[in-house]
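Enquirer: Residues per chain are reported as follows:
Number of protein chains: 2
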Amino acid sequence: MATPCIITVAITGSLPQKSDNPAVPITVSEQIESTQAAFEAGATLAHCHVRKDDGSPTSDPERFAALTEGLRKHCPGMVVQLSTGGRSGTGRERGGMIPLRPDMASLSTGSCNFPTRVYENSPELVDWLASEMLAYGVKPEIEVFDVSMLFQAAAMAADGRIKGPLHVQFVMGVKNAMPVDKEVFDFYIATLKRLAPDATWTGAGIGRNQIVLNEWSLAAGGHCRT
Amino acid sequence: MATPCIITVAITGSLPQKSDNPAVPITVSEQIESTQAAFEAGATLAHCHVRKDDGSPTSDPERFAALTEGLRKHCPGMVVQLSTGGRSGTGRERGGMIPLRPDMASLSTGSCNFPTRVYENSPELVDWLASEMLAYGVKPEIEVFDVSMLFQAAAMAADGRIKGPLHVQFVMGVKNAMPVDKEVFDFYIATLKRLAPDATWTGAGIGRNQIVLNEWSLAAGGHCRT
Ligand SMILES: [Zn+2]
Ligand SMILES: [Zn+2]
Ligand SMILES: [Zn+2]
Ligand SMILES: [Zn+2]
Chain A
1 MATPCIITVA ITGSLPQKSD NPAVPITVSE QIESTQAAFE AGATLAHCHV RKDDGSPTSD
61 PERFAALTEG LRKHCPGMVV QLSTGGRSGT GRERGGMIPL RPDMASLSTG SCNFPTRVYE
121 NSPELVDWLA SEMLAYGVKP EIEVFDVSML FQAAAMAADG RIKGPLHVQF VMGVKNAMPV
181 DKEVFDFYIA TLKRLAPDAT WTGAGIGRNQ IVLNEWSLAA GGHCRT
Chain B
1 MATPCIITVA ITGSLPQKSD NPAVPITVSE QIESTQAAFE AGATLAHCHV RKDDGSPTSD
61 PERFAALTEG LRKHCPGMVV QLSTGGRSGT GRERGGMIPL RPDMASLSTG SCNFPTRVYE
121 NSPELVDWLA SEMLAYGVKP EIEVFDVSML FQAAAMAADG RIKGPLHVQF VMGVKNAMPV
181 DKEVFDFYIA TLKRLAPDAT WTGAGIGRNQ IVLNEWSLAA GGHCRT
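In order, the protein sequences belong to chains A and B.
Anchor point for the first sequence: position 97 equals 97 in this note's numbering, and the numbering is continuous, going up by one each time.
Anchor point for the second sequence: position 74 equals 74 in this note's numbering, and the numbering is continuous, going up by one each time.
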């Protein structure tokens with residue numbers, strides 16, 4: 001995910017971002033409380049980031065462990081997905097939570113531009129994160145920000161670096177990456193069906209674009225149950 | 001361009017790479033001689049990199065100046081295009097030759113993965129290279145390695161960061177970037193026609209893929225005369 005979301009509850013859409021709503025949950029206990037509310041309202045997957053006390057993003061495995069433990073207790077059966085996204089650390093720091101064996105973790109299979117920087121996922125880092133997920137039995141959610149990332153994921157599934165079937169999230173609306181464009185969305189789905197016919201997928205839009213992507217995804221048969 | 005090509009003579013295809021042919025021209029005088037032969041055989045555009053004496057790539061403006069001067073003299077009327085590609089320097093070093101006012105310079109409008117690293121073109125660097133090209137009257141060749149780079153180029157043309165009409169080169173076959181794929185190629189062309197109907201374009205394949213891309217480009221109406 002591109003944005004510093006706290007908890008994306010994928011079935012019901014994203015909870016508000018900090019920029020939209022200053023009441024967004026920051027501490028682990030706030031996150032658990034907020035996720036439990038969504039869980040009780042029907043959400044089945046929690047996409048998780050953690051923050052330091054000052055609110056800045058981190059990949060601290062201890063915070064992820066506390067969050068995961070709380071979600072297991074308060075949201076039994078909910079799919080816990082931890083973010084390895086690049087805002088919260090650099091290099092292998094970003095995968096320090098994989099040994100916690102969450103159900104899923106995010107995996108971007110390439111690099112692209114973000115609003116103010118390069119979102120760096122070097123070939124070496126992508127392969128290492130994937131190998132950690134294989135080693136700990138964690139299913140990746142492939143975060144696709146551009147078309148070549150989809151080809152890369154399919155190649156990795158084909159040669160065993162990723163255990164299939166793929167689960168892919170198409171992320172649109174991040175400035176300087178892929179805009180929200182229906183033709184690209186349709187091409188994403190067609191290409192996924194061609195390269196990985198057994199894959200599951202979902203679409204994610206940033207901020208107000210989430211509603212658009214939810215509509216397109218529902219109409220095209222996307223889902224997020226894995 | 002992704003590979004350390006010395007001179008790509010776009011109309012007749014690429015000259016051999018160093019890995020293919022140890023006789024590839026390295027020094028500026030060898031490059032001029034080799035380009036002149038292609039020019040006399042009908043080539044109209046020279047895509048230029050320069051090398052240090054040890055053969056490693058550089059962005060040294062003095063070498064580019066010597067090469068440009070030689071091409072102007074020996075290949076009158078040939079379009080001289082200088083590479084701002086990332087193998088030959090980092091950051092703004094990569095644009096140090098733009099004040100030489102070549103006819104064209106390459107401009108990648110986003111970041112992606114390359115065989116062993118991230119090809120970094122941060123939003124700030126892309127905007128700076130484009131502004132230098134505007135300031136010195138240099139026409140960019142947009143190097144598109146993935147779909148979002150095409151959207152970025154169209155946005156930059158729309159808001160004046162690039163002077164239109166766009167000239168785009170679609171690069172396929174770089175490991176960890178976009179593979180050689182006909183459906184993607186067709187989508188590139190359709191998207192270009194949608195976003196920038198007045199654009200000119202060409203397709204470039206790496207190594208043996210150049211022949212495939214030349215065939216696809218010719219059949220789809222691509223060209224490289226600007
Ligand atoms: Zn996220
Ligand atoms: Zn999902
Ligand atoms: Zn080149
Ligand atoms: Zn060209």
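In short, the hints are calculated from the structure, not lab data.
A portion of the hints provided could be inaccurate.
Unchecked claim - Pairs of lysine to any residue, SDA-like flavour, derived with a Cα cap of 20 Å:
hint : chain 1 : residue 1 : chain 2 : residue 2
1    : B       : 182       : A       : 197
2    : A       : 175       : B       : 139
3    : B       : 139       : B       : 200
Just so you know, these numbers come straight off a predicted model, no measurement behind them.
Enquirer: A separate judgement is required for each hint: does it hold in the structure or not?
Expert: Now the hints, each set against the structure:
1. Among the hinted pairs, residue 182 of chain B with residue 197 of chain A is consistent with the structure: their alpha-carbon atoms are about 18 Å apart, no more than 20 Å.
2. With a C-alpha separation of about 25 Å, the suggested pair residue 175 of chain A and residue 139 of chain B falls outside the 20 Å cut-off, and the hint is violated.
3. Proposed proximity of residue 139 of chain B and residue 200 of chain B is supported: the alpha carbons are some 12 Å apart, at most 20 Å.
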